[in-house]
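We have chain W; now place chain S onto it with these hints.
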Amino acid sequence: AQSVTQLGSHVSVSEGALVLLRCNYSSSVPPYLFWYVQYPNQGLQLLLKYTTGATLVKGINGFEAEFKKSETSFHLTKPSAHMSDAAEYFCAVRPRTGGGNKLTFGTGTQLKVEL
Amino acid sequence: ETGVTQTPRHLVMGMTNKKSLKCEQHLGHNAMYWYKQSAKKPLELMFVYSLEERVENNSVPSRFSPECPNSSHLFLHLHTLQPEDSALYLCASSQSAVSGWDRGQETQYFGPGTRLLVL
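Top to bottom, those sequences are chains W and S. To get the numbering used here, take the position in the first sequence, counting from 1, and add 31. To get the numbering used here, take the position in the second sequence, counting from 1, and add 81.
Honestly, I wouldn't trust all of these hints.
No farther apart than 27 angstroms at their CA atoms in a straight line, the calculated lysine-lysine pairs in the DSSO-like style are these [said to hold, decoys possible]:
(1) S:Lys117 / W:Lys80
(2) S:Lys117 / W:Lys143
(3) W:Lys80 / W:Lys100
Non-contacting residues of chain S with respect to chain W, defined by C-beta distances greater than 12 angstroms in every case (computed) [claimed, not checked]:
(4) Leu124
(5) Phe145
(6) Glu148
(7) Ser153
(8) His158
(9) Ala173
(10) Ser175
(11) Tyr190
Honestly, the hints are just simulated from the structure, not real lab data. Think of the CB as a built atom: it goes at the ideal place given N, C-alpha and C, for glycine as much as any other residue.
Chain W extracted, bound-state conformation (with noise of 0.2 angstroms):
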């Protein structure tokens, strides 16, 4: 079965700085790839998604994502944090073949930006 393991439940920057959420999956075929960000009181927005091709993804408001296959990771960075990126960021997966179109969720990384 797959997992999705999201270390830090909740990560603070400087505005400015740089933006890094962690992902990790287990499965033995590498997923498919998501993120989705929560703003508060509002359902989930895809910002990036990686299928194949091209390792490094970019998404929505500067965000990028990179797969690592030695690495099972699918981590989400941002060189530099705007206030309104405080949000809370999902990874999710699913699997290449069969299970149908289901995305299993990480526990999500809370994201807080001070001044």
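What follows is chain S alone, placed relative to chain W:
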């Protein structure tokens, strides 16, 4: 994001009440989902409908009853809920292949959720 809408946004109900949550997608998708989001827990997939047919039911108690009358609408009927059912209920939709939905790349788009409090 207005592609997937949910009503009501907030709901307070007693354990003996019956209520329904509504989800509508305007994206032309063929698959719809109900998720439960509780504090400090990963999102839990509850139900999946593909082409209006239920294809997934993740051991959800019978006090939750889904309904998908067409590909644009999804309901979650609630009755005799428990306080531990208080959570944010999220609806999502995605495109699926007509001949089968196991292609793997269909992105799920989420609604804003209904915040449910059971007293």
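Status of each hint after checking the structure:
A hinted pair counts as satisfied when its Cα atoms are at most 27 angstroms apart, and Lys117 (chain S) with Lys80 (chain W) qualifies at roughly 22 angstroms. Distance check on the hinted pair: Lys117 (chain S) and Lys143 (chain W) sit about 24 angstroms apart at the alpha-carbon level, within 27 angstroms; holds. Under the criterion of a C-alpha separation no larger than 27 angstroms, the hint pairing Lys80 (chain W) with Lys100 (chain W) is consistent with the structure, at around 15 angstroms. At roughly 4 angstroms from the closest C-beta of chain W, the C-beta of Leu124 (chain S) falls inside 12 angstroms, breaking its exclusion from the interface.
Every C-beta of chain W lies more than 12 angstroms from that of Phe145 (chain S), the closest at about 18 angstroms, which supports listing it as non-interface. Non-interface status of Glu148 (chain S) relative to chain W is upheld: no Cβ of that chain comes within 12 angstroms, the nearest being about 20 angstroms off. No Cβ of chain W approaches the Cβ of Ser153 (chain S) within 12 angstroms, the least distance being about 17 angstroms, so the stated non-interface status holds. Chain W leaves His158 (chain S) outside its interface by the beta-carbon criterion, the shortest separation being 21 angstroms against a cut-off of 12 angstroms.
Here Ala173 (chain S) does not stay apart from chain W, with its beta-carbon only about 8 angstroms from theirs, under the 12 angstroms limit. In this structure Ser175 (chain S) is not separated from chain W by more than 12 angstroms, as the shortest Cβ-Cβ distance comes to only about 6 angstroms. Distance check on Tyr190 (chain S): its Cβ comes as close as 7 angstroms (rounded) to a Cβ of chain W, failing to clear the 12 angstroms threshold; non-interface status is violated.
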